[in-house]
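A.B. asks: Here is how the chains run, residue by residue.
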Amino acid sequence: MNFRFIIADVKANFKQWIRSKGTVFWTLLFPILLILIFGSIFSGSGDTSYSLIIQNMDDTVHSSMFLDQLENISMIKIEEIDRSENISLYMQEHGYASGLRIPSDFGESIQQSPMNSSLSSLLTFYVDPSQQTTTSIVQTIVSSTLQEYNLALSGGRHVVSLQQEEIIANDFSFIDYFVPGMIGFTIMTSCIYGSIERNTKFRKDGILRKMQTMPVSQMDWILAKMLFMLFLSFLSTSVILLFGLVVWGLQIHITIFSILIIIATSLLFSGMGMIIGRFVKEEETADMAGGAITFPMMFLSGTFFPFEQMPSYLQVIAQGLPLYYVNEALRNTMIYADMDKTIYFTAFVLLFAVVFFIVGVMVTKWKED
Amino acid sequence: MQKQVKCPSCTHVFSVSGNSGDIKKINCPQCNTFGKVSFSTKRSITPAIEVRQLRKEYGSLTAVNNISFTVKKGEVFAFLGPNGAGKTTTVEMIESIRKPSNGNISIFGKNVTDSFDQIKEKIGILPQEFHSFERLTIRETLEYFASLFEKQADIDEIIAAMHLSDDEDKLYKQLSGGLKQRVGVAISLVNDPDIVFLDEPTTGLDPKARREVWDVIARLRNKGKTVFLTTHYMEEAEYLADHIAIIHKGSIIAEGTLDELINKHGKGSILKFTKCDVNLVKNALESFGYHVKKANNHDVLVSIQYKDQILEVLSLLRKNAINYDNIDIHRPNLEELFLQLTGARLQEESA
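Listed in order, the protein sequences are those of chains A and B.
Each residue of the first sequence is one higher than the last, beginning at 23 in the working numbering.
Each residue of the second sequence is one higher than the last, beginning at 159 in the working numbering.
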């Protein structure tokens, strides 16, 4: 291994990168701009579907009547789940922002309320704090329905009341959800386009031909470029996190998994760029091919909005896209701190990284036919 | 160094000593005949590059067709031919960028296929249409490429020798075409190579920039470097090359020094006599086998095959008391030679 070359190449790459205003913009400033724009938009808007999960633990006609009353409200779409489900987990897994649990003593409390004025039944309203706008609208609707119900039952006394529970322990906001997606997206674009440039522009400019006549191996060259791409990935991740922290008060866990995912993501998308650069030899066409791959992946993989909001057929497509696993792995380790899911999604990211990087290295050829 | 000299008059053999580059005036110790002996460093019989029966096929297309040639150490070897003749394919096979379909290539006696890793340290290459990293300065570029080699030339010296000192802190993308090509040549020198391969180094340059690159190549020759130059500019080969191989449609159609090529393949020279009577000249020369042609009302053209015939023509004209104002001797150039050999013009084929 030619360490002298690797060091020289990383240094040269850094100098060229810092002197390219466009590249610096796309790597650092563009993600920041997106965070600002999307953060502002989504902090003030809500989910238009206003879905509400109901878990009814009560067997009496009273809960059925209350549910009928809720169902009559056109703004709310109700979905009832089985009593055996864990409502918080169900909401997380299926992407629901609001849930309501009707306790088993609901009917009994109402039946006995005329005799015992101290009896009260407590309904639990579950919210996803990352979708505050949506949940507050639904909560307002549920509260007012409950108020009407109380009024009809007891002339205003709180026979049934509402308590709130967040489905995630921390107070997350949309930006917490969005930032890991931005990290995945930024690494994807810089690695894919970086690899494309090395494999098309450098081939056109004769740099690859020159390199193969010099005492440096193709592996040294790839290794040097990868080191620089890793440096860029960590740099852009740090800048995004720092910016999110300062401007949006980001709450994120940095774990060993985050680092592993960033490394694997850099390898994954560099490998993908090498494959594109190998088979699409014209510089402009390769850029277009890069765009054709990165843009749909960006929108379909839950970078900007939850995957669950997409139609089911698009969700099936998304599950075949590497960026989906990167986003989910980063979110689960950085936001949800869900170790099981982190391991599950990280395993996919590692698998994709190994496959794409090995294929990328194998198809990268300096030698002409 | 010592050199054995044979006197052309008395055939006496004696030794003369001198330094490389000297041209010594000598007298034969036996018959006192005067002569000159030159001591050259750059001419050597040891081949720098040897190519034998080299062939490259792409499917049914034969790009290079069993060519063989030798490049001596210290010479500028021009590989001349139109675009698509097989020049770059050949040079890229020598540089181990492309795999030959058949044939042998050796550099300093080492087979390129087996020993290219060792050879890399001794050669410098400027690929065709080469562009370096746009956002590195000239100095950074040279330092970057030098870092790849065990043996490194002095970057300051290269910058000075290539006349790049005024622009060394400019980014590559800010340079003119001529400067970029000079940087390309400079990059090929960062390991102080013994052989420099320059593939079409002046293509696309204006005449001034082209001349600048020629000066650089001439300086390389003066430093004793072997230069393998591919070009489709005949004036470039004429100006720079010690040895020329002309390639056409994958085959070498002529090879030698400029004089050898013209003497062997050119149809002699043309003598042009101005303000002269064509009928008188015809009467005086045609009976001796000379071809005489009228150029315009006053000028006459006479074709000759050998240099000695100039004197014969002049003495025949004098003998017949034929007057003329002036004589021009027109020697055929490589362009005309290429036309004679292929029936096509070099520049037209390249266009």
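In short, the hints are calculated from the structure, not lab data.
Be aware that a few hints might be false.
[Stated by the list, open to error] Here are a few chain B residues that face chain A, going by a calculated C-beta distance under 10 Å: (1) Asp180; (2) Ile181; (3) Glu253; (4) Ser254; (5) Ser264; (6) Lys268; (7) Asp272; (8) Pro285; (9) Leu294; (10) Thr295; (11) Tyr302; (12) Asn481; (13) Asp483; (14) Asp486.
[Stated by the list, open to error] Now the stretches of chain A that chain B is said to cover, found in silico as 3 or more residues with beta-carbon under 8 Å: (15) 233–247; (16) 284–292.
[What the hints assert, rightly or not] Just a few of them, taken from the derived set where beta-carbon distance is under 7 Å, the chain B residues facing chain A: (17) Gln276; (18) Lys309; (19) Trp372; (20) Val374; (21) Ser473; (22) Leu474; (23) Lys477.
Glycine included, C-beta positions come from ideal geometry on N, C-alpha and C.
A.B. asks: Each hint: holds or not?
C.D. replies: Do the hints match the structure? See the list:
no.: 1; hint: Asp180; verdict: 36 Å, violated
no.: 2; hint: Ile181; verdict: 37 Å, violated
no.: 3; hint: Glu253; verdict: 5 Å, holds
no.: 4; hint: Ser254; verdict: 7 Å, holds
no.: 5; hint: Ser264; verdict: 16 Å, violated
no.: 6; hint: Lys268; verdict: 15 Å, violated
no.: 7; hint: Asp272; verdict: 16 Å, violated
no.: 8; hint: Pro285; verdict: 4 Å, holds
no.: 9; hint: Leu294; verdict: 6 Å, holds
no.: 10; hint: Thr295; verdict: 9 Å, holds
no.: 11; hint: Tyr302; verdict: 5 Å, holds
no.: 12; hint: Asn481; verdict: 60 Å, violated
no.: 13; hint: Asp483; verdict: 54 Å, violated
no.: 14; hint: Asp486; verdict: 44 Å, violated
no.: 15; hint: 233–247; verdict: holds (count 5)
no.: 16; hint: 284–292; verdict: violated (count 0)
no.: 17; hint: Gln276; verdict: 9 Å, violated
no.: 18; hint: Lys309; verdict: 10 Å, violated
no.: 19; hint: Trp372; verdict: 21 Å, violated
no.: 20; hint: Val374; verdict: 18 Å, violated
no.: 21; hint: Ser473; verdict: 58 Å, violated
no.: 22; hint: Leu474; verdict: 58 Å, violated
no.: 23; hint: Lys477; verdict: 63 Å, violated
Against the hints set out earlier in the document, violations occur for numbers 1, 2, 5, 6, 7, 12, 13, 14, 16, 17, 18, 19, 20, 21, 22 and 23.
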